[in-house]
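Q: For reference, the chains in residue letters:
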Amino acid sequence: MLFQEGPAETTGYMILGFAAIFGSLLAYLFSLSNRRKNLEKDREILEDGKK
Amino acid sequence: MPPKPVFLKVIDISSFTLLLIASAMVFLYAPMEAVMGNVQRVFYFHVACGWAGFIGFTAAFVCAIGYLRTGDLKWDIAGLAAVEIGLVFAFINIVSGSIWARPIWNTWWTWDPRLVTATIMELIYLAYLMLRQGIGNPARRARFGAVYAILGFISVPLTFFSIRIWSTIHPVVIGSGDPEAKGAFDMTPRMLTTFLFSLFTFSVLFVDLYWNRIRLGIFGERIESLKMKAMEEA
Chain A
1 MLFQEGPAET
11 TGYMILGFAA
21 IFGSLLAYLF
31 SLSNRRKNLE
41 KDREILEDGK
51 K
Chain B
52 MPPKPVFLKV
62 IDISSFTLLL
72 IASAMVFLYA
82 PMEAVMGNVQ
92 RVFYFHVACG
102 WAGFIGFTAA
112 FVCAIGYLRT
122 GDLKWDIAGL
132 AAVEIGLVFA
142 FINIVSGSIW
152 ARPIWNTWWT
162 WDPRLVTATI
172 MELIYLAYLM
182 LRQGIGNPAR
192 RARFGAVYAI
202 LGFISVPLTF
212 FSIRIWSTIH
222 PVVIGSGDPE
232 AKGAFDMTPR
242 MLTTFLFSLF
252 TFSVLFVDLY
262 WNRIRLGIFG
272 ERIESLKMKA
282 MEEA
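So the protein sequences, as listed, match chains A and B. Numbering-wise, the first sequence is residues 1 to 51 according to our numbering. Numbering-wise, the second sequence is residues 52 to 285 according to our numbering.
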């Protein structure tokens, strides 16, 4: 990069970087939502068992 | 699960909106860096995720002290939530840094003090989650978690200051770094504004995720005690 004339062509790495950032955040949000749904199901089962 | 408080809904919407604005600033407002090109744009969210990770581990440290002082399991739920979210952000920080390093350092990974301390920190807190799974008694699990979170917190300032203590090729954003650092750059006013806005956005996002995760933890605890009660009755 020492003798380059303009900025390096690194757009592919930028796309990969943001895919990793947003992908990980979405995966975590999905995991939270999934765990909440499972707990709701457990609660329904427990309430049905009481009746 | 109990309905969401209005203020949490406001934070949900705010953090999403802030993330959209921060993304627009990163891609449209901040100029392209003269040497590194577009990959430098990853830097704004890379540092912000590292920052959010530090907030998470610091919150876990505070919760650990809170639990040891009061013995209230709510502190344990909050501590676990903080570690989990801290881990997510620290993971994103390490992965995005590795992607940035590939074209700038010509390698995905190098045994640099910052990379090593950040990875050790991630592994320490990952072990926290794994080791907790092996303890059945809630009070013992919480006590173990609290002591572990306090001891594990040593890795946080060590990671933060690693680039200021040891000779490193990792650039220092605030303050002066090692002259051997590769990938350092001077921020223009627009870059600085985008950087500070990203830090603010990820701080709000942390608060939002943290609150939601604590609610999930409290709900999980309630379901767990209902299960125990049902088993005793059967």
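If you are wondering where the hints come from, they were derived from the structure by calculation, not from laboratory data. Careful: at least some of the hints might be erroneous.
Unchecked claim - As a list, the in silico DSS-like pairs of lysine-lysine whose alpha-carbon atoms are at most 30 Å apart:
no., chain 1, residue 1, chain 2, residue 2
1, A, Lys37, B, Lys233
2, B, Lys60, A, Lys41
3, A, Lys41, B, Lys280
4, A, Lys37, B, Lys55
5, B, Lys278, A, Lys37
6, B, Lys60, A, Lys37
7, B, Lys278, B, Lys55
8, B, Lys233, A, Lys41
9, A, Lys41, B, Lys125
Q: Work down the list of hints and note, for each, if the structure agrees.
A: Hints versus structure:
no.: 1; hint: A:Lys37 <-> B:Lys233; verdict: 46 Å, violated
no.: 2; hint: B:Lys60 <-> A:Lys41; verdict: 23 Å, holds
no.: 3; hint: A:Lys41 <-> B:Lys280; verdict: 17 Å, holds
no.: 4; hint: A:Lys37 <-> B:Lys55; verdict: 15 Å, holds
no.: 5; hint: B:Lys278 <-> A:Lys37; verdict: 17 Å, holds
no.: 6; hint: B:Lys60 <-> A:Lys37; verdict: 19 Å, holds
no.: 7; hint: B:Lys278 <-> B:Lys55; verdict: 24 Å, holds
no.: 8; hint: B:Lys233 <-> A:Lys41; verdict: 52 Å, violated
no.: 9; hint: A:Lys41 <-> B:Lys125; verdict: 23 Å, holds
In terms of the numbered hints stated before, the structure departs from hints 1, 8, listed from lowest to highest.
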